[in-house]
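**Q** Now for the letters of each chain:
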Amino acid sequence: MASTFKPVFSDEKNPRGIPKAPFIANVDEYLGNPDADVEITLKSFQDALAKYRYMESSLTQRRASLEEKIPDIRKTLDMVEYLQERREGKSKAKDDLNDDLEDEDESTNGPVKTTFELNDTLYAEAELDDTDTVYLWLGANVMLSYKLPAAITLLTSKLDVAQSSLNNTIEDLEFIREQLTIMEVNTARVYNWDVKRRREKREKEAAKQPSGK
Amino acid sequence: MRMLEQEEETNDAEVTWEDQQRINSFSKLNNRIRIIEEKLQDLKREKEALDDLSTELELADEDELVLYKVGEAFIHMKQPRAVKRLEKDQASVDARVSVLAVQADECETQMKELKVLLYSKFGTAINLDE
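So the sequence lines, in the order shown, correspond to chains A and B.
Take the first sequence: its letter number 89 is residue 89 in the working numbering, and every next letter is one higher.
Take the second sequence: its letter number 10 is residue 10 in the working numbering, and every next letter is one higher.
So here's chain B without its partners, still in its complex pose (with noise of 0.2 Å):
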């Protein structure tokens, strides 16, 4: 926090009810999105790993036993069971960032309009960035 000049000080004042709750709208969004961010990361990670296994999958022998982690322990499965079950898995991860994506969005559309809002009416004495 840094003093403010004099004459922002009068601009202070008027703080109403409306504003508050923008303010307080801004400070949410922020703190969610960068949860939301934290995991996407990490279903992205997942994600990658995934497509990999996809591309080692396919040049895997027919016949092969593969071994697919379900929960803790790995299963010991033929290889199209595994192709199977890793299409369902890629299904639930890709439906979890597409989930997560749009919220995203949501909660960055939403600060975009709070941050006109408030830059406009409050100027140098809120700060809005990181």
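Bound-form chain A, shown alone (with noise of 0.2 Å):
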């Protein structure tokens, strides 16, 4: 019983499948035996750390480029909700964002002017002829023309997915936190109980023979 090798995670899991690291409530219980080795227990432990570890990183790594995609799809997102806003205030000769904006009419009329950067550091300008339609790239070499509105639904749909996918990410990592909290607790718990019983054989044989010292 004192060797029996138990797996470190136990079967539950969070909703994204990662294992629950197991509390002990009592070392001498968890270790089965008073002279159980405490060097197996310990070195399971260490492989637990590692994986959560490994888990950790992988998981800091999706959220950094999620972090990093989500500006961008919002600021998509935010050019051609300009252009449909641009379009409404045309057809709708009162709209409601544009009440105090009457006096403008000449320019909503005219074709957008719009100083792009062309490469770092070097900007062109350009006129966007009025249009109802844009491409958006989806990736895989693939673009795809969208009317606006068609083009804002799609955006906005991939600005949620990508917005509750780090969601989920930041969730998870708070669990693997969790979770190596946990094993360190626990691996300084069987440490120290090892340190303890340590001391009492000593003490115990320490007394057995007095004449010793």
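It is worth saying that the hints were derived from the structure and are not from the lab.
The model shown is predicted, which means the values in this text are computed figures rather than measured ones.
Cβ atoms here follow ideal geometry from the backbone N, Cα and C, with glycine treated the same way.
Be aware that one or more of the hints could be misleading.
Computed spacing ranges between beta-carbons, pair by pair [claimed, not checked]:
{"hint": "1", "chain 1": "B", "residue 1": "L100", "chain 2": "A", "residue 2": "E12", "range": "26 to 34 Å"}
{"hint": "2", "chain 1": "B", "residue 1": "K121", "chain 2": "A", "residue 2": "L154", "range": "51 to 59 Å"}
{"hint": "3", "chain 1": "A", "residue 1": "L122", "chain 2": "B", "residue 2": "E108", "range": "43 to 51 Å"}
{"hint": "4", "chain 1": "A", "residue 1": "A140", "chain 2": "B", "residue 2": "L100", "range": "34 to 42 Å"}
{"hint": "5", "chain 1": "B", "residue 1": "K121", "chain 2": "A", "residue 2": "E203", "range": "26 to 34 Å"}
{"hint": "6", "chain 1": "B", "residue 1": "K121", "chain 2": "A", "residue 2": "I40", "range": "25 to 33 Å"}
{"hint": "7", "chain 1": "A", "residue 1": "Y54", "chain 2": "B", "residue 2": "E106", "range": "28 to 36 Å"}
{"hint": "8", "chain 1": "B", "residue 1": "A104", "chain 2": "A", "residue 2": "T153", "range": "16 to 24 Å"}
{"hint": "9", "chain 1": "A", "residue 1": "E205", "chain 2": "B", "residue 2": "L100", "range": "57 to 65 Å"}
{"hint": "10", "chain 1": "A", "residue 1": "E88", "chain 2": "B", "residue 2": "D129", "range": "50 to 58 Å"}
{"hint": "11", "chain 1": "A", "residue 1": "T153", "chain 2": "B", "residue 2": "S92", "range": "18 to 26 Å"}
{"hint": "12", "chain 1": "B", "residue 1": "D129", "chain 2": "A", "residue 2": "T156", "range": "39 to 47 Å"}
Simulated pairs of lysine-lysine, BS3-like, Cα-Cα distance not exceeding 27 Å [what the hints assert, rightly or not]:
{"hint": "13", "chain 1": "A", "residue 1": "K158", "chain 2": "B", "residue 2": "K88"}
{"hint": "14", "chain 1": "B", "residue 1": "K39", "chain 2": "A", "residue 2": "K75"}
{"hint": "15", "chain 1": "A", "residue 1": "K147", "chain 2": "B", "residue 2": "K88"}
{"hint": "16", "chain 1": "A", "residue 1": "K51", "chain 2": "A", "residue 2": "K75"}
{"hint": "17", "chain 1": "A", "residue 1": "K113", "chain 2": "B", "residue 2": "K69"}
{"hint": "18", "chain 1": "B", "residue 1": "K69", "chain 2": "A", "residue 2": "K75"}
{"hint": "19", "chain 1": "B", "residue 1": "K69", "chain 2": "B", "residue 2": "K84"}
{"hint": "20", "chain 1": "A", "residue 1": "K158", "chain 2": "A", "residue 2": "K75"}
{"hint": "21", "chain 1": "B", "residue 1": "K28", "chain 2": "B", "residue 2": "K121"}
{"hint": "22", "chain 1": "B", "residue 1": "K121", "chain 2": "A", "residue 2": "K20"}
{"hint": "23", "chain 1": "B", "residue 1": "K47", "chain 2": "B", "residue 2": "K88"}
{"hint": "24", "chain 1": "A", "residue 1": "K13", "chain 2": "A", "residue 2": "K43"}
{"hint": "25", "chain 1": "B", "residue 1": "K44", "chain 2": "B", "residue 2": "K121"}
{"hint": "26", "chain 1": "A", "residue 1": "K20", "chain 2": "B", "residue 2": "K115"}
{"hint": "27", "chain 1": "B", "residue 1": "K88", "chain 2": "A", "residue 2": "K113"}
{"hint": "28", "chain 1": "A", "residue 1": "K13", "chain 2": "A", "residue 2": "K51"}
{"hint": "29", "chain 1": "B", "residue 1": "K47", "chain 2": "A", "residue 2": "K75"}
{"hint": "30", "chain 1": "B", "residue 1": "K28", "chain 2": "B", "residue 2": "K112"}
{"hint": "31", "chain 1": "A", "residue 1": "K147", "chain 2": "A", "residue 2": "K75"}
{"hint": "32", "chain 1": "B", "residue 1": "K69", "chain 2": "A", "residue 2": "K158"}
{"hint": "33", "chain 1": "A", "residue 1": "K69", "chain 2": "B", "residue 2": "K69"}
{"hint": "34", "chain 1": "A", "residue 1": "K69", "chain 2": "B", "residue 2": "K28"}
{"hint": "35", "chain 1": "A", "residue 1": "K69", "chain 2": "B", "residue 2": "K39"}
{"hint": "36", "chain 1": "B", "residue 1": "K39", "chain 2": "B", "residue 2": "K28"}
{"hint": "37", "chain 1": "A", "residue 1": "K43", "chain 2": "A", "residue 2": "K196"}
{"hint": "38", "chain 1": "B", "residue 1": "K84", "chain 2": "A", "residue 2": "K147"}
{"hint": "39", "chain 1": "A", "residue 1": "K13", "chain 2": "B", "residue 2": "K28"}
{"hint": "40", "chain 1": "B", "residue 1": "K88", "chain 2": "A", "residue 2": "K75"}
Bring the two chains, given one by one in their own frames, into a single complex with the hints.
**A** As structure tokens, this is what we get:
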């Protein structure tokens, strides 16, 4: 019973399948035997910690890439929404948004003039013809044309997906952090338990042979 | 990690599941608040930039065309329109700041409570300060 191998991870998992770390309520009970070999347990704890750390680092990367991706989507969405706003301002002469911008009619009608980044530190001017279509880069060398409202819907849903995936990643990271803390506390307690046991053993032996001193 | 004194070891043996959960929450909140603070810093910088911009725009002529950044490109728009956009951008930054500030406050109060509980139980055997 003493040396039976115990899997460190319990069967309980979080929603993304990350296993829970066990909490040790009582070290004696967990090790099962006062002379149990602490080394094996400590080593399996180390392995578990290493696994959690590995998951943590890969999730941290994932999180960083999502944190980068979200502002990108938002920027694109901003622009498409701007284009849509202009079109609406044109079709409905009296739009709520443009109530106090009525005197601006000429600029709403003309083509949009922009200065855009052609390359790093290089800017060029461009006029956008009035358009109801944008092309969205979908990845994998594919670009599709969308009507403005469809583009807004698509981008909004992509933003939502990215946001919820980021939230999940953050949740996972916090979960892993908790498991890491549990394992660290476990390690410390088993270690201290061992120190204490050795000292008791030593004291017992010293008591047995008082002349030894 | 340092070696524990003998009398503290006995203390250490009494970690209950409840304590463990408190330690977990504390560590989680500690991490969370650090990230929130980073984000708040970024947003504050953005807010400052927008505030500067708003004073600049007030000085600009009504008929003047200003370059306002939308997404990655600058749009040439008339000053009143730019002011409107700026107001919208400012409102969105303000909203994000206040959401984060509330979260940070929550973290802090919870951490304070946990600190009191954990320190009263574990004393010097635990260290919760940076």
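**Q** State the violated hints by number, sorted upward, taking the hints as numbered earlier in the document.
**A** 8, 16 and 25
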